[in-house]
Structure formats: structure tokens, C-alpha cells
Amino acid sequence: FLNDMDPHDVNFVSRYLVVDEFPETVANGHELTAIGEVMKNYIRFDLSVPMVARFLRIRFDNLSHACEAQYILEQLGYVVKFSTMHDHAKAKGQESTTCDVFEGQIRLSLTITTQLSLDDLTQQHQQELLSVAQFVAQCYGTVRDQSLYQIAPLGQGVFQATFRIEFQSIDSASRCVPGLTAFPVKGPSRAFTWYTHSVSYWTDTTPNPSPQPPRVDAHGRLIGFLRTEVQERAIIPSRHPADQHNRVTAPRILDGNDTRTTVMLRNIPNKLDWMALKQILDRYCFGLYDFIYLRIDFSSGNNVGYAFINFINTNGVLAILDKLDGKTWDGWRSGKAAEVSYATIQGKDALIQKFRNSSVMREAPYCRPRLFFSYEDEGMNDFNLVRRLGCDAPFPEPDNPAKLSRSMENARSVGLFPAHGANEMEHRNRHSMYDRGTPRDQIQSAMYQASAAQGLDLQLQGEIQRWFGYQNQHTYTTPFDRIPSNAIQQFFAANPWVLPGGNAVAHNP
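This note's numbering puts the sequence shown at residues 1 to 509.
Hints in this document: simulated from the structure, not taken from any laboratory.
Note that this is a predicted model, so its numbers are computed, not measured.
One or more hints might be untrue.
[To be verified] The following label-pair restraints were derived from C-beta to C-beta distances:
#, residue 1, residue 2, range
1, Gly155, Gly305, 32 to 42 Å
2, His197, Asp4, 46 to 56 Å
3, Phe55, Tyr470, 23 to 33 Å
4, Asp4, Arg252, 29 to 39 Å
[Stated by the list, open to error] List time: in silico DSSO-like cross-link candidates among lysine-lysine, alpha-carbon distance up to 27 Å:
#, residue 1, residue 2
5, Lys90, Lys327
6, Lys40, Lys336
7, Lys403, Lys348
8, Lys403, Lys40
9, Lys354, Lys40
10, Lys348, Lys323
11, Lys90, Lys348
12, Lys336, Lys323
13, Lys40, Lys81
14, Lys403, Lys354
15, Lys90, Lys403
Where is the CB? At the ideal position from N, CA and C, for every residue including glycine.
Turn these sequences into a full structure, and let the hints steer you where they fit.
The following block contains the structure:
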């Protein structure tokens, strides 16, 4: 099993990669962008998330995908090695002592009915049992390893066989446990009949290789240090004017007065990624959600503290309200308490329509919104389709090219945070009175562009094109007539010595 491997062994593999060196073509400070471009081009990165913490690290859901990704990156000139789960957790700001060293592993118990006694079970019978367990587990994903843990008699001709099964994918285990719990299966074999008795995540007494956690008292305070009295935290009502309308309350849902299903989950630790968020949802409301969008800051790869989730009915909303709302995030070094409120846009169809023509769908896979199969999908009463519960569903293609083009142009000019950071001058010098990217805005911008660029020779235009591409991390050359005039102003502000005589571009007050 994967957790039994020695990290110092030359054959050690894991679901975690560390990029030690980048190709010479990758500019300093653009490492995350370079990895993002690789992730767009290779499907093996679809279920992975990068993170920058001294080194660039990548976490994968599937072990085989991690091994293939290492090979791909090495062929592209990167120096990559496998990392341990605990090193990745420390870099990510998680409590490494809470890491699940058995991630991707389950405990499967089958009840066996046979005419044989326990002493009559041969090695061939045990292999047959292993084949049955593998058949059941593979309905949810590829099995990497398995073993027959024990066989215990329950009565005359009845036994319980317990198996330890490891999947290639962590998500497969996360779906298998609730899936087989809700939909147990049974079948015949040559020597016996069987049915699934129970399934759970694998746990054991294997020592955690991470350093021993410090001793704490019942209030989480370190033992051996002076401490203050424990005080109850005051509840401060929210003062946001929209919170009363968007507030999620169980009584209104149970009374049938509120049937909204799309929520905004706030105060998420910034290092938590969408795969970790999905694991949390699978634990509390498996099969009850069909949309997740964890918004990402493209410059850092971290989330910005909130996510949108759509549930198929109010049962999912009640589950997340009970399990997450007002509670801190276990295993994360964060004092934030989760908050649940209703989103402005409601319903799966409305969310799809909003994002299918958005530039975010052209970003790296970990930045995009995702759809999932749920109980609401047609045919989910069939066991052959139940195993798809919680799997990624295809996101519809764009249906409005003009809207997508405006969104992409808007993203190039604005970025994720429009009035802050390095592009603040660009927004302060904005001249159009219309919404950015709309036809009227483009007309007015083009008129101003013509006067601003008047008299610039081709060589200077080429310099501005190269500067604009570098500033926006483009891998292509933007035509000069498509460069916003306020970007040209920024160029001259940063390079005043290239101002052409008598043709300096004036800044708006």
C-alpha cells in the first residue's frame, strides 16, 4: 500500500509533486503561469491543484496521473520529484498531524453464505473472495492494491470477510463509501453467495510519521503555559444590508417558505482547494450537489475565500448549514468560521449560462467551475449509473461567441480584482463611461485610442506591444489597435524617456 512505502526509497511515488527547477524559458515570477499553461494542454492535470509555497507544488487526486505528470514535466525541461503528504500539508498551512495517511483506502466487509466451514476455505477460495471485492470496488474506480484482512464466522455457514482496498484515486474512495452504503450490492459465486455488509474509510494504528502533536487541554490550549480564562465568543450580527435577505435559516426551509438551492460558502481557508472542498461535501451531502465554483486568484493560485455551491434540493442546504455553518475548519491553521448565505444567481441552469461564456473556462482546470452527477440526473436508480454519482459532468460549450470574446478581453484588461493592485492606474485612467467590454465602450475606446496613438511610429508600437504582452503574461502578440489606451499611458509613465517629441500622451486627471 502507498502509505507503507519509504519516502527515501528510489522507487517512492505519491500524489504530490515538487517542482525544483524550471526551464530557462520561464521568466522569474511566472512559474505558476507556466505550470497553468501546461495544465491546459494535458488531460492528466485535470484533477490536480498547484500551490506556491517557497517551491511550486502540485497535488493530484489520482496516483497514476501524478506519475504521468512527472514524466510530462520532465520531458518539458522541469526538474520534478515526489513529495510526502506531510511536507505538502505543512507547506499548505494544514495541521500535518491530522493528515489521513490512508487516503484513498477503504474497509469493505462482505457477508458470505456457503456450505463450507472456515477450515475448508482454501487459498483458491480466498482468491475468489478477493476477486469479488475487487469487482465491487472497481464500480467506483481503479483499484491499486487490496488484501484480505480477516475472515470471521457469524454462524453456521455464514462468514464475514473484511478487505483493505486502495484506489488509485482519492475521489473514488470518497464516492465508494457513501455509494455502497446507500446502494449495497449482492451476487453469487461458484462456492458461495455474498452481499456487502458495510463499507468505511480505512483506519489503523500505524504511527503518524509527522512530529508528535503538543499536548493540549479541553479548550485547545498548550499544557505547561500560563493561560487566560476561557470566555465565550460574542455573536456579532452581520451588518451587511443583503445578509437578511440572503440569510439561510433552517426553520424557513423546513416550513417550505424558502426553496433556494444555490449558496455562497464564505470564510474558506485560502489554501483549501476545490478537491478538498469536494471531499468535505461528499462527507456530509454526497450526491446532493451538482455545481461547485471555488473562486481562485490567478496570480497566487489560492482561493479568495468563498465558493458557490448548487444543491439539487434543500436537503443539501440543510446538511451544509448543520455541519459547516459557524464552525471552524478542522485540520487548517485558520481561525475563520464558515458562513453560509444564499447566492444571487440561483439554480444550475442559471449558473451554467453565466459561466459557459466566461473567460474563466479558458483558465487552468483548477480555476474553473465544475459540474457533477447527482441523484437528480436521469437513471440514477440504476446501479450501473449510481457509480457515477459525484463524478465530473461535462460543462456545456460556449453558445455566445460575442459574449465570450468580451469576457476574455475584459479579463485581459481587468483581471480578477478590478480596482486594486498593479493595475490600479489603468482603472483610474479609464475614460469610457460605459461598462467595460460592451459595444458602446469599444466604440468610445477606439475613438480615444486613435487620438492617443497618433504619431507613434511602427518601432515604438512594437515596443508597446512587447511590453503589454509581458505585463499581462500573454504567450501571443496583441495587435496594437487592440491595446487599451490606458495601457499605452502606463507604458509611457513607466518609460518616459521614449516619449516622442511633441506627441506625449496626456494622462486623464
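Distance restraint between Lys40 and Lys336, which requires alpha-carbon spacing of 27 Å or less: violated, 32 Å
Given pair status - Lys40, Lys403, alpha carbons within 27 Å: holds, 22 Å
Pair hint outcome, Lys336 versus Lys323 [Cα-Cα no greater than 27 Å]: holds, 15 Å
His197 versus Asp4 beta-carbon gap, inside 46 to 56 Å or not: violated, 26 Å
Given pair status - Lys81, Lys40, alpha carbons within 27 Å: holds, 21 Å
Hint check for Tyr470 and Phe55 - Cβ pair distance inside 23 to 33 Å: Between Phe55 and Tyr470, where Cβ atoms are some 24 Å apart, the hint holds.
Agreement of Lys90 and Lys403 with the hint, judged by alpha carbon distance not exceeding 27 Å: At roughly 42 Å apart (the allowed maximum being 27 Å), Lys403 and Lys90 break the hint.
Verdict for Asp4, Arg252 (Cβ pair) under range 29 to 39 Å: violated, 51 Å
Restraint status (C-alpha distance of Lys90 to Lys348 at most 27 Å): Given that 27 Å is the threshold and the Cα spacing comes to 36 Å, the pair is violated.
Pairwise hint evaluation, Lys40 against Lys354, where the allowed Cα distance is 27 Å at most: holds, 21 Å
Hinted pair Lys403 and Lys348, Cα distance within 27 Å: It holds: about 20 Å lies between the C-alpha atoms, which stays within 27 Å.
Restraint status (C-alpha distance of Lys348 to Lys323 at most 27 Å): holds, 23 Å
Hints 1, 2, 4, 6, 11 and 15, counting from the list given before, are not met by this structure.
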